[in-house]
Structure formats: C-alpha cells, structure tokens
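Engineer: Using the hints, position chain B against chain A.
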Amino acid sequence: MRIGRLAIPDEDRAVRKRAALRWLPVVVIAFMLVAGTVAVRVFGSSCLAIAPPCPFRFLTGLHCPGCGSGRALYALANGDLASAWAMNKLAVASIPLLLWLAASPLAPVRRINRKLARFVPPYAVWAIPAVIVLYWVLRNVPCYPFTLLAPQV
Amino acid sequence: MSNCPQCGKERPEGATYCSFCGALFAVEGAGFRPLQPPPAPALYELQTYLVHSILVTIFCCMPFGVVAIVFAAMATSAKSLGNYSEAARQARLAWTWVKVSFFIGLIPAAFWILYLIFGVIAVAFAAAG
Chain A
17 MRIGRLAIPD EDRAVRKRAA LRWLPVVVIA FMLVAGTVAV RVFGSSCLAI
67 APPCPFRFLT GLHCPGCGSG RALYALANGD LASAWAMNKL AVASIPLLLW
117 LAASPLAPVR RINRKLARFV PPYAVWAIPA VIVLYWVLRN VPCYPFTLLA
167 PQV
Chain B
443 MSNCPQCGKE RPEGATYCSF CGALFAVEGA GFRPLQPPPA PALYELQTYL
493 VHSILVTIFC CMPFGVVAIV FAAMATSAKS LGNYSEAARQ ARLAWTWVKV
543 SFFIGLIPAA FWILYLIFGV IAVAFAAAG
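In order, the protein sequences belong to chains A and B.
The opening residue of the first sequence carries number 17 in this note's numbering; numbering runs sequentially from there.
The opening residue of the second sequence carries number 443 in this note's numbering; numbering runs sequentially from there.
Here chain A stands alone, though its shape is the one from the complex:
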C-alpha cells in the first residue's frame, strides 16, 4: 500500500498469501500423482511410448541421474516395486526421504528433526549432491556391478 511518498507494508495480506501459497505445491503434486496413476491404469504401457526421452541421454548417449525414473514411476503406479527398483534405484530410494523433507514444516516432524539435529552435523546435507553425482558417474561405467545401476531394460 502506498500513500504519497510513504510506503506502508501490508503485512496481513503478505502473511495470508504466504500461508495459502505454502499448500499450493502439495495440492499440485497430489493432483499430478492421482492423474498419472489414473492415466497409467486406463491407458497402460502406451503412456511410456509418448513420454519424452531424456535430453541428456539423447545428446550424449549417457545416463543422467534421472534416467529410468519415468519408467520407475510407471512401475510404481502399477504397484510393481521390483521393476521400479530395476529402473532407477536412486529415484525409488529417494521417495521416503523426499516425503520426510516435504513434511518437515509440520510440527511433529519438526520436533523429531530437532532431536535428530543433535546427532546429524549441519554439513550432512552434502551427502545428497555427493550421492547424486556419484550415482551419475557409476551408472555409466560399462562393467558388471555398475551396470546394475543403469535402467534394466
């Protein structure tokens, strides 16, 4: 709000807007998950045929850390955890962590996180980019134990 040269912060409106916006991503992602599951149930494997290919794989021929995550989500939508695990192990393994991190503003989760913070050092979060980059490199190594990390077609 602005009167002449005097700017008055409209605090109440900003606070209300922030509270409403906080739940927008949750609603959007929940809608996408439900819509995706319904589409997979209705149209079956033709959903995979129209999914865009990974641009990184298209340009370089290498796997990116996300290659196979689409097929993994397709398998999960069909309740097939084993196939999902074969397609992208990191994507499947990250889902519980992502759910926990997404829930961390909620009071009970925050209480547990505060207790955990005594044992987890602040730089522990660097394990996430380290694991992703390591996974990116290792799943492109073309010999036996590492080929398990690439999508198992």
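Think of the hints as simulated: they come from the structure by calculation, not from any bench.
Since we're looking at a predicted model, the values are computed, not measured.
C-beta atoms are modelled at their ideal positions from N, C-alpha and C, and glycine is treated no differently.
Be aware that one or more of the hints could be misleading.
Claimed, not checked - Ranges of calculated distance between the beta carbons of each label pair, as one might list FRET restraints:
#1 A:K131 with B:G561: 32 to 38 Å
#2 A:V44 with B:S461: 51 to 57 Å
#3 B:A566 with A:K33: 46 to 52 Å
Structural biologist: Same frame as chain A, but now just chain B:
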C-alpha cells in the same frame, strides 16, 4: 527540529506533512504505521528448496538440477547453523536454478510433443492414401 527529506525546508515538531512541498513524514503514533520491513519469518519456516531441486534432478532428468541441489545444500547447512541471511541468499539462488532447470527441461519436451503430433499426422496421411 529537523528538515523535510524532500525539499529540505524546516519541519515543525509534530508535523505529519511538509507545509512547503506536501511530502508526508513518517511519524510514529500519528495515524501511520512506522516505516519498517515486514518481520522476517522464523528460521524453521525458511524454504531451502532441497525437495524441489531433488525432484527436478531425479524426476525431470535435468542435469542443471545438480546446481540447484548444491545451492539448496548450502542454504540448508546455513539454516541449521542459524545463519538466516546466508540461508535466505542461497535459497534464492537454489530457487532460480530450480526454475532454470525446469523450464530448460520443458523445451525438449515441447519439441517431443511437436514430433509426436507430426508423426500422428504423417501416419494418418499414409493410411489415407
């Protein structure tokens, strides 16, 4: 006794506006709220975009997402050390890179959809004649 910040003329004690140029003064308790930025939210409310950057990297297949994860990790570790301004600064960068990798990811997807549409049209023409 002070001076008007706009025209520099004398400003009488308790005046709410300048009688020379009409500029409003910020006066506490004179019907106007004091000029202050809105209060900063609590530290735990600070969004570090860690989830967004992981999602955009692993589930949107965008290598730029790694940049977002690095900034989000910096924001998260600054947040757990209680450094609000540093955490907020890194979180803004993380959000920028989440948006960059998301929208760059949309470009190949748009080309792919065009390719599908033209493919369907070509198949339809071939079938027709």
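Engineer: Tell me, which hint numbers fail for this structure?
Structural biologist: Violated hint (a single one): 1; every other hint is consistent with the structure.
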